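Enquirer: Each chain, written out:
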Amino acid sequence: METLWFVLVSFMLTMYVVLDGFDLGAGIIHLYAAKTDVERRLILNAIGPVWDGNEVWILAAGGTLYFAFPLVYASSFSGFYLPLIMILWLLMSRGLSIEFRHQVDNPLWRNFWDVMFSLSSGLLVIFLGAALGNVIRGVPLSKDGYFFEPLWTTFTVVPESGILDWYTVIFGLVALFTLTVHGSSYVAMKTEGDVQTRSRFAAGKAWWGVMATTIAGITTTFALRPELLNNFTKHYWGLLFPLAALLGLSGVWYHFRKGQDTRMFLSSTLFILAMLGGTAFALYPNLLTSSTDPSASLTIHNTAAQPYGLGVGLSWWIVGMVLVSGYFIYVYRSFRGKVALPTEDAGY
Amino acid sequence: MEDALLIDRVQFAFTIMYHYLFPQLTMGLGLLIVVLKGLFLWKKDERYNQSARFWAKIFAINFAVGVVTGIPMEFQFGTNWARFSTFAGGVIGQTLAMEGVFAFFLESSFLGLFLFGEKKLGRSGHFLAAVMVFLGSWLSGYFIIATNAWMQHPLAYAAATDGSLHVSDYWGLLLNPWIGWQYTHNMIGAVVTAAFVMTSVGAFYLLSNRNVEYGKVFVRVGVGAGLIGSLLVAFPTGDGQVKNVATYQPVTFAGMEGLFESKEGAELMLIGQPDMEKLRMDNPLYVPQLLSFLTHYRWTAEVKGLQAFPKEQWPTNIPLLYYSYHIMVGLGTIFMAIMALAAFLLWKKKLYQARWALWILLLAFPFPYIANTAGWMTAELGRQPWLVYGLMRTLHGASPTVSAGNGLFTLLGFLGMYFVIGVLFLFLVVKRINQGPENAGSAH
Chain S
0 METLWFVLVS FMLTMYVVLD GFDLGAGIIH LYAAKTDVER RLILNAIGPV
50 WDGNEVWILA AGGTLYFAFP LVYASSFSGF YLPLIMILWL LMSRGLSIEF
100 RHQVDNPLWR NFWDVMFSLS SGLLVIFLGA ALGNVIRGVP LSKDGYFFEP
150 LWTTFTVVPE SGILDWYTVI FGLVALFTLT VHGSSYVAMK TEGDVQTRSR
200 FAAGKAWWGV MATTIAGITT TFALRPELLN NFTKHYWGLL FPLAALLGLS
250 GVWYHFRKGQ DTRMFLSSTL FILAMLGGTA FALYPNLLTS STDPSASLTI
300 HNTAAQPYGL GVGLSWWIVG MVLVSGYFIY VYRSFRGKVA LPTEDAGY
Chain Z
0 MEDALLIDRV QFAFTIMYHY LFPQLTMGLG LLIVVLKGLF LWKKDERYNQ
50 SARFWAKIFA INFAVGVVTG IPMEFQFGTN WARFSTFAGG VIGQTLAMEG
100 VFAFFLESSF LGLFLFGEKK LGRSGHFLAA VMVFLGSWLS GYFIIATNAW
150 MQHPLAYAAA TDGSLHVSDY WGLLLNPWIG WQYTHNMIGA VVTAAFVMTS
200 VGAFYLLSNR NVEYGKVFVR VGVGAGLIGS LLVAFPTGDG QVKNVATYQP
250 VTFAGMEGLF ESKEGAELML IGQPDMEKLR MDNPLYVPQL LSFLTHYRWT
300 AEVKGLQAFP KEQWPTNIPL LYYSYHIMVG LGTIFMAIMA LAAFLLWKKK
350 LYQARWALWI LLLAFPFPYI ANTAGWMTAE LGRQPWLVYG LMRTLHGASP
400 TVSAGNGLFT LLGFLGMYFV IGVLFLFLVV KRINQGPENA GSAH
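Chains as they are written, first to last, in numbering that gives the first Met the number 0: chain S, 0 to 347; chain Z, 0 to 443.
Derived from the structure by calculation, the hints contain no laboratory data.
Bear in mind that the values here come from a model prediction, so they are computed numbers and not experimental data.
Yeah, the Cβ is synthetic: ideal placement off N, Cα and C, and Gly gets one too.
Nothing false has been slipped in among the hints.
Quick look at which bits of chain Z chain S covers, simulated, 3 or more residues with Cβ under 8 Å:
no.: 1; region: 65-74
no.: 2; region: 105-113
no.: 3; region: 157-167
no.: 4; region: 392-401
no.: 5; region: 416-430
DSS-like cross-link-like pairs, simulated, lysine-lysine; straight-line CA separation at most 30 Å:
no.: 6; chain 1: S; residue 1: K337; chain 2: Z; residue 2: K119
no.: 7; chain 1: Z; residue 1: K118; chain 2: S; residue 2: K337
no.: 8; chain 1: Z; residue 1: K310; chain 2: Z; residue 2: K277
no.: 9; chain 1: Z; residue 1: K430; chain 2: S; residue 2: K34
no.: 10; chain 1: Z; residue 1: K215; chain 2: Z; residue 2: K430
no.: 11; chain 1: Z; residue 1: K347; chain 2: Z; residue 2: K215
no.: 12; chain 1: S; residue 1: K204; chain 2: S; residue 2: K34
no.: 13; chain 1: Z; residue 1: K118; chain 2: Z; residue 2: K215
no.: 14; chain 1: Z; residue 1: K310; chain 2: Z; residue 2: K242
Sample of chain S residues lacking proximity to chain Z, with all beta carbon distances greater than 10 Å (derived):
no.: 15; residue: T2
no.: 16; residue: H234
no.: 17; residue: F240
no.: 18; residue: H254
The following block holds chain S by itself, in its conformation from the complex:
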């Protein structure tokens, strides 16, 4: 049952990255891919009806972590205090940028929110990537399961780590490039003309960044934490994750060359699913690894809620997910196809 909830929480976080990832990526390229007000409204219209629903995945994932592994939720949220609150501020700024921009028809007002939207999207992605880096690297957990990490110390990983050090910054960049590709291919898929051309170009350029940072990230990870290879050597089927990631990454390049935006987007989705799936697979059964004392690590065994709660949780979770799939299929179908230019003050 604990393993199942480990999988379900990982699934929800992965859904967040795949879905909110493309509107975050759209934010990253916003200023570059769209130059005029009309073009920028195109991008915002492409994500407008869906971004809020996408973002709910991180709230739902957080809530699920809360009830399935309360100590992990408490320990990680209080230990990453400052960066998490900053992530909140960025989420808030970004949400307001999307919703407030179209409210006033004034170029200064709109420019301000465009820059705010792009900046907060980019910073959010770097922070979220660095957060993943912290989880993989491990944090200085004490015996009672708590820790506190400063934002940065000396930017070296040993002896004293910080939220930001050279290792986690690599993961920030992996996230930045990966979601740039993801968002660019989404925008290319939803638009035509100049915006589409520029988005494709951005996807092609960022692809090289994904290559470079992913290789750097993987090699440094196994140098720093060789024990993360254990699950792969124990269960060979786990090698499907790196294979699928490779397939996704080459698929992005192949379809980029052919100008097939939808397939490029699907390949990028496969890459993200495989990378995060592989990470979860390697970390299992640890939820939060201790960098100082392996026995202090928070695992699914020493943090899970009681079986009764996990059991009833499963029943409502399944019902909930069936409903959610229904909403998402309905909403995405309603807004399928290329986005059209908005008339009068409709839309964004």
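Got chain S sorted already, so can you dock chain Z onto it with the hints?
Expert: Okay, now just chain Z, sitting in the frame of chain S:
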């Protein structure tokens, strides 16, 4: 460590009070928009539909601010209240996660459809989208009240070997006897806020002689909802909720009512200041024996005063608790009077010309916000010094590793950010009201 605890408390209190200014309008307006869309389908009068479009614009701005100020709430359980989360996560994690899965997805998915899909969905489809947004926001309220109800009146749990609590009866948690009155009281409180806001905008249009036709629609619908809401919020829901407190938290009840000594035939305090040195009310104005009657339906029934309980069980800040409760009840009484008067004038077909009455309706809209906030302050101050009533003291719930300095940094950040958000919100809403319903766009 006390400094850190104080900052954790101030930050949570500030962010939750600020946040709740927005969902109360979202939940109330969600219902009123459904009413307007329903009137349109029933009477086939385009003015109702255009009114719904206008309020949907304001709803969208309000909803956006509600969403962004709501995100920090769920996170702060972990960031600032880690010990509490470890202790109680096995119970309230359930209700909070259900809010995400059942309410947030519903709300966010259908809001997009409601705001952008009027043409695509058709008349009944668009009405249905409005209903779904309304349902989502009211469901969200239910899970939050269920969470709060458990903290006020914990049940349906079992303790694990490490002392943490875990849910042991799912339906017991969701059907906590505390929930019924608190939920209905709270939701009708939200309807009162929305009704006063709608009436106020309508009165503004009538007084300034613009968009008069819409002003009449807003005043009519607002006064109708406001009258029903003001009555229901007091009786039976408010009355029921007070009886909950009297039953499950008698010491809180004594503090709210400002009753120091237990007595048979206790008086109902209307005005007065709790004197915590001499342990009595200063300058009291009261109705003899009424409290006994309201609580037990007998004029001479005994009501327990604060003195009947050991001091360490008393609510931490009795004067503030007493004032919050009395401000809420006092304002609630005034709301009934205002709405009854407006409804009477409406019935006599005199309201639209009675400028003095329209002025009252125009200026009244901030007070339901104050009443709702005071109501929540009553609930939360009344629970102190407990975080989970009878089980965990607030003092023991904060994060062990977050220092006062780090806490102050984020508290100041929230203060600055929320100030800017408030200014932007008011600017945008005033702008929409100035543009008027005629310019609120057509079907798209």
